[in-house]
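Protein chains in written order, with my numbering: chain A, 1 to 162; chain B, 1001 to 1068.
Because the hints were derived from the structure by calculation, they are not lab data.
Check each hint, because a few of them may be wrong.
Below 16 Å or equal to it, Euclidean Cα-Cα: the simulated EDC-like pairs (lysine to aspartate or glutamate) are [what the hints assert, rightly or not]:
1. Lys-1056(B) x Glu-1037(B)
2. Lys-1033(B) x Glu-124(A)
3. Lys-1056(B) x Glu-124(A)
Reference listing, derived: stretches of chain B covered by chain A, where coverage requires no fewer than 3 residues with Cβ under 8 Å from a Cβ of chain A [said to hold, decoys possible]:
4. 1003-1017
5. 1031-1043
6. 1048-1055
7. 1058-1068
Computed from a prediction, not measured in an experiment: that's the story for all the values here.
The beta carbon of each residue, even a glycine, is placed where N, CA and C say it ideally should be.
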Amino acid sequence: MEGPLLDDAATRHPEVAWYFLYTREAHPGEHVAHHRTFDDKLANARLLRDEVGIRRPILVDDLEGTAHHAYGLLPNMTWVIGRGGRIIYRADWTSAANVEAFLTRYEAGRRRPPGQGISPYLSEQIEYRDQDRGAFDDRLRRNGPRAYDEFLRAERIQAERE
Amino acid sequence: MSDYNYPTFDGYVASGAEEREFARWPDLLHAGKPAPEIAGTVLDTDEPLALSSRWKRRTVVVEFGSFT
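Required output: the full structure, derived from the provided sequences and hints.
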């Protein structure tokens, strides 16, 4: 999760509106459990804000995950919506560096006056992101020892499928 | 309650739901298409907010996530 890095990017790009949408708990445990009620969800979102220090506005999806369903249910996506409501960027995992690089290019292009020989185009890439397994394991343990153990079991299930 | 708020991650993976969700994502919603509404509750104010009211005039970045 690159929340703090995206917070820094948000500070550098105040012309853009930034939100963190709190979804279901991806790895529920004894301390940060799955949501049975909307109050559970609000309480976990407050804990996330206060412990991780997310500075962007946090929007809490409804208990059924209506927005999360609409965008495909993956655990740490980033989407950018352009003025007027069209999707202009989507990533199945969040890379703060990639999001910021895209925004810098996009906003610079969008602000160029008409007639300066610029035209939008569509692109799609596969890229690599930094992965800090130690920090991830720490967050699993924060959710509870069960969350850590279940993740290891899930990895074995995934490995057996490959 | 639906299985959306699954209680155990290994159970969710064993059910095949995670694999199905990742498999279908590449064919879902592409750049250039209208964005579905993202509505929720603003944590700091407890007020409802529909992000379409924001992307009328500004570019909007939305990170989806939870604790991990």
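- [ ] Against the earlier hints, flag every one the structure doesn't satisfy and list their numbers going up.
- [x] 3
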